[in-house]
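Undergrad: Quick mapping for you: the protein sequence lines, in order, are chains A and B. Numbering-wise (my numbering), the first sequence opens with residue 1 and increments by one. Numbering-wise (my numbering), the second sequence opens with residue 1 and increments by one.
Heads up, a few of these hints could be off.
[To be verified] List of simulated lysine-lysine pairs, PhoX-like, C-alpha gap at most 25 Å:
#1 57(B) <-> 102(A)
#2 57(B) <-> 83(B)
#3 42(A) <-> 9(B)
#4 57(B) <-> 71(B)
#5 42(A) <-> 69(A)
#6 102(A) <-> 78(A)
#7 102(A) <-> 14(B)
#8 70(B) <-> 102(A)
[Stated by the list, open to error] Covered stretches of chain B, going by a simulated chain A footprint (3 or more residues, C-beta under 8 Å):
#9 23-29
#10 32-43
#11 52-65
#12 89-98
Rather than coming from a laboratory, the hints here were simulated on the basis of the structure. Positions of the beta carbon are idealized from the N, C-alpha and C atoms, including for glycine.
As a plain string of letters, each chain reads:
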Amino acid sequence: ILNVEQSPQSLHVQEGDSTNFTCSFPSSNFYALHWYRWETAKSPEALFVMTLNGDEKKKGRISATLNTKEGYSYLYIKGSQPEDSATYLCAPPRREARGNEKLTFGTGTRLTIIP
Amino acid sequence: DGGITQSPKYLFRKEGQNVTLSCEQNLNHDAMYWYRQDPGQGLRLIYYSQIVNDFQKGDIAEGYSVSREKKESFPLTVTSAQKNPTAFYLCASRDRGRTEAFFGQGTRLTVV
Numbered sequence: 001i002l003n004v005e006q007s008p009q010s011l012h013v014q015e016g017d018s019t020n021f022t023c024s025f026p027s028s029n030f031y032a033l034h035w036y037r038w039e040t041a042k043s044p045e046a047l048f049v050m051t052l053n054g055d056e057k058k059k060g061r062i063s064a065t066l067n068t069k070e071g072y073s074y075l076y077i078k079g080s081q082p083e084d085s086a087t088y089l090c091a092p093p094r095r096e097a098r099g100n101e102k103l104t105f106g107t108g109t110r111l112t113i114i115p
Numbered sequence: 001d002g003g004i005t006q007s008p009k010y011l012f013r014k015e016g017q018n019v020t021l022s023c024e025q026n027l028n029h030d031a032m033y034w035y036r037q038d039p040g041q042g043l044r045l046i047y048y049s050q051i052v053n054d055f056q057k058g059d060i061a062e063g064y065s066v067s068r069e070k071k072e073s074f075p076l077t078v079t080s081a082q083k084n085p086t087a088f089y090l091c092a093s094r095d096r097g098r099t100e101a102f103f104g105q106g107t108r109l110t111v112v
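Looking at chain B on its own, in the form it has when it is part of the complex (with noise of 0.2 Å):
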């Protein structure tokens, strides 16, 4: 089954501590994103990344990073930059063109 899976679901991390959620797909499309959403607020661009090693920042990049090694997988790292890492995050994919986004379950990150 083609499709975009996000790892974990559910992640708890200590302040301080960086940490990586993960994003794969195998729908072959050129485009990925990240995004994330705050509770009552709609989703902010963080990352997004059109081809194999090169990637832009988004609307609220500063204390994130990402990585686009291969084409299917795109992870993003929460680092202990960001000042409130505590949030829904989602991951989607795309072809180039007029095409829709798919995107993945999504992972909720607590960080106590």
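Isolated chain A (complex conformation) (with noise of 0.2 Å):
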């Protein structure tokens, strides 16, 4: 992977069911790993910064796995509800000379819930 990929593209859920999507990374270099929420007329918003592999991050009903040696990570949303719609994005930060980092999103999984 030489880019940051997002499986799907987007997603229609029930409410009420789970679900669940993929952030795929260079495994090269890997220091961290950010997740974003972004709702449609507002900023993204970080939900997990993970660092190890094997991480394992959890906020209510929302978590995420982190897989460093094959460098992908999963997004899961438990019991979706009309508010979990929105935009999810992925970010390795990526460190580079001089001390820089940059910052690269992908294309991010379009979450649309159906009451």
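Put the complex together from the two separate chains, hints included.
TA: Given below as structure tokens:
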């Protein structure tokens, strides 16, 4: 994987159902992965910052896992609610020369919850 | 209140004119970033800066310029060389290390 890829691009889920989606990223020189939620008419907000292989983070009904060796992370939403409708973005910061940190995002997964 | 302020929220310009988008943060963050979003697409990185007086090209820097004269400020100029400037522009900042980014409210630029 050379770039950050997210799948699926969009998802429609019935209220109350659980769902998950994927972020794939270059596994070389990994040092962190961010997940963000971007609701319509708002700014993206961080959900999780993950750093260790096998990491599992949870915030309410949302959780995420991380596999740094193979370069992927899953985001899970349990019992989807209308307020979960948003675009979910992942971003692995990359350390570069002279201490610069590049932050490139995947294209996102657009989640729509159907009441 | 700490945060990132982008101004203006909406901006209209005639084709061929340069335009500067403002981004100010009072979070004392080292790193600042500019992104562009087009309909149906994700966030694409234009420029980023880790320290004052230094900045790096992102993935789509052509037609844009930036400056970082103060830690708090990272203005983006959309020049007339940018072929498709109409887009939504987001500014972000973050601390060094494994920390998340914080975003401004964005500026929607329309060039007519």
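Undergrad: Against each hint, give a clear statement of whether it holds in the structure.
TA: Each hint tested on the structure:
1. Taken as a hint, the residue 57(B) and residue 102(A) pair is honoured in the structure, with Cα atoms around 10 Å apart against an allowance of 25 Å.
2. Proposed proximity of residue 57(B) and residue 83(B) is supported: the alpha carbons are some 17 Å apart, at most 25 Å.
3. A C-alpha spacing of about 12 Å is found between residue 42(A) and residue 9(B), which places the hinted pair at or below 25 Å, so the restraint holds.
4. For the proposed pair residue 57(B) and residue 71(B), the alpha carbon gap of about 18 Å is at most 25 Å, so the pair holds.
5. Of the supplied pair hints, the one linking residue 42(A) and residue 69(A) is violated, its CA atoms being roughly 34 Å apart against a limit of 25 Å.
6. Straight-line distance between C-alpha atoms of residue 102(A) and residue 78(A) comes to about 32 Å, which puts the hinted pair past the 25 Å bound.
7. Proposed proximity of residue 102(A) and residue 14(B) is contradicted: the alpha carbons are some 32 Å apart, above 25 Å.
8. Simply put, residue 70(B) and residue 102(A) have alpha-carbon atoms about 20 Å apart, close enough for the 25 Å limit, and the pair holds.
9. Counting residues of the stretch 23-29 of chain B whose C-beta lies closer than 8 Å to any C-beta of chain A gives 0; at least three are required, and the coverage claim is violated.
10. Judged by the Cβ-Cβ criterion of 8 Å, the stretch 32-43 of chain B is covered by chain A as claimed, because 5 of its residues qualify and three suffice.
11. Given a C-beta distance limit of less than 8 Å, the hint that chain A covers the stretch 52-65 of chain B holds, as 4 residues qualify and 3 suffice.
12. Figure legend: the stretch 89-98 of chain B, annotated as covered by chain A; annotation consistent (5 residues with Cβ-Cβ distances under 8 Å, at least 3 required).
Of the numbered hints stated above, those contradicted by the structure are hints 5, 6, 7 and 9, listed in ascending order.
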